[in-house]
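We have chain A already, so just place chain B on it with the hints.
Top line first, the protein sequences correspond to chains A and B. Add 16 to a position in the first sequence, counting from 1, and you land on the number used in this note's numbering. Add 218 to a position in the second sequence, counting from 1, and you land on the number used in this note's numbering.
Any given hint could be a false lead.
[Unchecked claim] Quick look at which bits of chain A chain B covers, simulated, 3 or more residues with Cβ under 8 Å: (1) 85-93; (2) 107-113; (3) 123-130.
[Unchecked claim] Chain B is nowhere near these chain A residues, computed Cβ spacing over 10 Å in every case: (4) Gly-100; (5) Arg-101; (6) Arg-140; (7) Asp-144; (8) Leu-155; (9) Arg-202; (10) Arg-277; (11) Trp-283; (12) Leu-285; (13) Arg-304.
I should point out that these hints are in silico values taken from the structure, not numbers from a laboratory. None of the values given here were measured: they were computed from a predicted structure. Note that beta-carbon positions come from the ideal geometry of N, C-alpha and C, so glycine has one too.
As a plain string of letters, each chain reads:
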Amino acid sequence: MPTASSNALAAEPPPAVRAAAPVLSARGLVVRYGRDVAVDGIDLSLRPGEVYALLGRNGSGKSSLVRALLGLQPPTAGEVEVLGRDPRHARAALMHEVGYVPEEPQAPPEMTPRQLARFCGGLRHRWDGAAFEQRLQRLGIALDRRFRRLSRGQKKQVELALALAHRPPLVVLDDPTLGLDPLARRGFFGELMGELADGGAAVLLTTHDLDAVEGIADRVGVLAAGRLLVDEPLERLRGRFRRLLLPPGREAIVSDLHRLRQQPRPWGLEVVVDDWNDEAAPAAGDARPMSLEEIFAALHPAVEEA
Amino acid sequence: MRALALVTQRELRAYAPAWVAALVAAVLPWLAPLLPLPGHQPAADVRLGTAVAMAGLLGLTFALFAGAGLLARDLGEGRMGFFLGLPLRAGTIWAGRVLAAALLVFGTMTAIVMPAALAAGELRLRREAVSGFLSLPLGGPLFSLAALVVLPPVFLMLIAHLMATALRSRSPWLLADLGGLTVTAVLIARALGRLVRACAPAELAIGSAIAAALALLVLLPSGGFGLARGGVLLARVHRAQAGLVAAGLVAAALAAMGFTKWALAVEAGDLTAVEQVEAAPGGSWLAVRGPLRHRPSYAPWMLVDTASGESLPLSSALPEGRGIGLPAPVVFSNDGSRAVWLRPQGAPLASPNEAVLVDLGARPRVGEPGVEIATAWNTAILATADRVAIAEPRRLAVWADEGRRLLAAAELPRTRVDWQQLRGLPGGAVRLARLSAMADDALQLQVWDFDVAARRLAARCDRRIDSVDSGTTAAFSADGARVLVVHGWGGSKGVELVDAATGASLATLAPAADKARVSAAFLPTGRVAVASFHDSALTLRLFDRAGAPLREMSLGKGRWAWLGSPWSTDLLPFTASVRDGKDWKGELRVVDLGSGSVRTLGARVAPLGGAGPWWPADDRVVPGALASHLFRSADNAIVRIAEDGRQTRVLPRPR
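Extracted from the complex, chain A is given alone in its bound form (with noise of 0.2 Å):
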C-alpha cells in the first residue's frame, strides 16, 4: 500500500527543508529537437526530502526534461544543477548520488538481476546488496533469470531496486509505472514509498498515475506543451482549485473569480475556478473540492471534451 511521505498533507514543506539548498534546479531550461520545442525555458527545484510529481500528457516534454535534467541528453539552453554539480559536466560523478529508472525498462536483456546488481555495485561508491536481494526476492523476482525474460512489471522492480541500492539522496523516476496494470503500479509505488519513508531522498516522478501521486507527491508540476502550467504543493493546489455548481440565475457571483472553465448544465452552470479561497467564497451555490486528476483535466481543455 502506498505510505504517504511525512509532509505529504502538508501545504507547505516544513521550515527546514524549504530553507535546505535545492537538490536539483534548473534555470531557463530549453530542449529542441530541430524546430520542435520539447521543454521550453523551465525554472524548476527540487528540495531535499520532497517528491515532486510532474504531470504531461504525452509528448509534453517530461522524459526531454528528466533527461536533460540528469545530463542524460544536452539541454538546448538554460542551466541546470544537481546536488550542487553541473550534470553536463558531472553526469557520472553524480549518478553515485542519483537513481534513476527510466520510462522503458534499458537494462541489458542478457543479464540476470544478480549479474546487474553485480555490475552497478561494482560502480557506486555504496551498495546495498543484500537489501537489493531481499527486495526482489519479496516481489518473487528470480534473480538468475535473464532480464529479458522477466515480464515488464519485474523489470521495473529491478530497475528501482538497481536504483535504490545505493541510497541515493535524489531519485528520479520517468513514468516508471508506464504500461504496467494496476496490481503492479501498485506494488511499484509502495516499494517506492516503502523505501522514501527509510531513506528520505528526495523524488522527482513524472507519471500519468494521478491516484498514486496523490498519496504521495509533496509538489506537483504540470507540463504542457514544454512549459510548466502548475509548480505548486500539492494541497496548496488542491485548495486553490473548486468546481462550483450554480442554480440559474448566481452565475453574477462568481464574476470576480477567475474562471478556468465554464459550462452550461441542464440544471444551471458548472464553473471551474482556480483561484478559491474558502474564506471568501461567494455564499451561494455548490463548491467542490477536485480531484487531482480532474485539475489536470481542468488544465487541458482537450482532454476533457474528449
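Below, chain B without anything else, positioned relative to chain A:
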C-alpha cells in the same frame, strides 16, 4: 580503471555466443587435412593455411558485427540510458566496449591460429625466442606484421560503428557522411597513389602511417566523444561524432597530401650523392639520380642545370627496361636544348611507357602529351630541334610538334634488340644502327635509312658479326657514317670500323688478343682513338675517318684506360687504372693528341660517359662542352675539372 574493467568484462560476457563460434572455428583447421585435397601438401601446412584463412575471415566478420554494435544498437533501441544512468563516463563506456570488441577479434584470431602455428613449428616458445622477439627493432618486420594484422580489423570495426550509427540515426546527413568519407578516402588514396607511382615505398609507408595514425586518432575516441555530447540521443551522438571524424579525416587527408607534396618536392640541393648521371652532349644540363636528404627511398631522376642551379625532378618510377643501374630514362638532343623522358604511364617498371619531350629552354617544362611506346627496353631516341625519332624493337616513328604529329612510321623486322642507336642524316632522313640477336644465336649488325618525307625504310647493312654471347658492343658516330664494333669482351676479338652506309668493314683498328682491355672512341674531326694495354703500359692509337693509322703514343702506366670526351680538338682526358699498393685506383691524365704528351692531373675521378674496355664511345659531345669536364669522384660526387686540374664540386652541392 575499475569502471573500465567492469564495462569490458560485461561486454566480453555479452559476446558469449561469439566466443563459442570462435572455439568451433578453432577446431576446423584440425579437420582440414582430412579433406581430399589436390596435391600432397603436408598436414601441418594445410592446417596452418586453413587456420590463417579462418582467423582472417572470422576476425574481420567479428570486427564488422562488433563494430556495428558498439553503440548504435543500444542507442537505437533506447538502452543507453541504463549505462549513462550509472556513474560511468561516456569515454569509459566507449573504451570498454572497444577494448572488449578488440579482445574478441584478436582473441578469436589468436585462438584459431596459435595451435596450428605451434603444431606447424612456426612459433617456438623458447626463452631465446622471447628475448629475440623483444630485441626486434620497432621498424622491423614485427612492426609491419603487427600493423598488417591489427590495423584492418580495427579500422573495419570503427568504420562499421560509424556506418551503423549513421544508418540507425536515419539522419539526412548520412549522404554527407558517406560523401565526405568517400572524398577523404579518395584524397588519401590519390596522395598515396602518387607515392606508389613515384616508386617511393618508404615514403609510402610513412605517408600511410601518418594518415592511418591521424584517422585512428579521431576514429578511436569518436564514439566516446559522440556519447558525451549526444547522450542517449542517437541523432546527436551521430552528429557529434560525424563532426569529429570529418574534421579528423580531413586532417588526415590534408596530412597525406601535404606529406606527399613535400616528399616529392625535391631539388638538386637535396641530393646527398649521385649514383647515376647522364650529361647532355652540349649545354649545361645533366640527368642525375641519387639518394636524397630526408627521403629514405625516393630517388627520382632529375634534370639539373649546372649553370643556373635549376632542377626538374622527373620520377623515381622507372620505365620497363630502364631499371636502376641501367641507362637514364632521359635522352638529350645534341645541343642540350631538349630532352626526351621515358615516363612510365602506369605501374613502375611496367609497360606501357611514354616518351615525353622536355624543353630545357629558359623556362624548362615537361611537354604533354607524350608518345606512347610499348617498351622502353633498348628504345633508341633521337631528339632534334623540331623532331623526335623513336626506334622501338618493332617500330620506327618520327614525330613533330612535341609528339603531337606523326610524320612517318615504319615497321622493323622482328629481332631481339641488343643495342641500337639513331642518327640524323642530311635532308631529314634518319639512320638506325642495331645489333640484333638472331634465332641462330648470331649477332647481326643491321642498318636502315628511313626517308621521312617518302616514308620509306631502306636496309643498308645486314651482316653477321659475332655470336650473341660474344660480349660484342658498338658505337655509332655522331654523323651516322660509321660504326665502331668492339668484338668480344673488352675487345678480345679485335676492334673494327664499319661503313654504316654499306656495312663494309673499313679497317681493323685492334687485333684480337686474349685478355685485351681495349677502349675505343670516335673523336672530333672524324678520328678514332683506340687505347690498349700491354706490359703494364697503355698505348693510344689514332686512326683517320677511314681507319688508316695516324699515330701511336704512350699513355703511361696502367692496366686499362677510360677515355673521356675531348676538352679540345687535341686534348683528351682519360682515367688510367693504376696500382695503389695492393689495390687499383683511377688516375686522371690528359693526353695532347698533337704532341703525344701526357699530363697527370691526379684526381681519383672517372669520366661521365666516354669509352672503357667494355663500352665504346661516340663523338656526340662537343669538344670543350661542360659534359667533357664533368667527372665522377670516388665519393659519388660530380666534379668539374678544368684543364689545369682545378676541381669544382657540382653535385651534391656543398652545404
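Evaluated hints:
no., hint, result
1, 85-93, "holds (count 5)"
2, 107-113, "holds (count 6)"
3, 123-130, "holds (count 4)"
4, Gly-100, "holds (16 Å)"
5, Arg-101, "holds (12 Å)"
6, Arg-140, "violated (6 Å)"
7, Asp-144, "holds (16 Å)"
8, Leu-155, "holds (20 Å)"
9, Arg-202, "holds (25 Å)"
10, Arg-277, "holds (37 Å)"
11, Trp-283, "holds (50 Å)"
12, Leu-285, "holds (48 Å)"
13, Arg-304, "holds (42 Å)"
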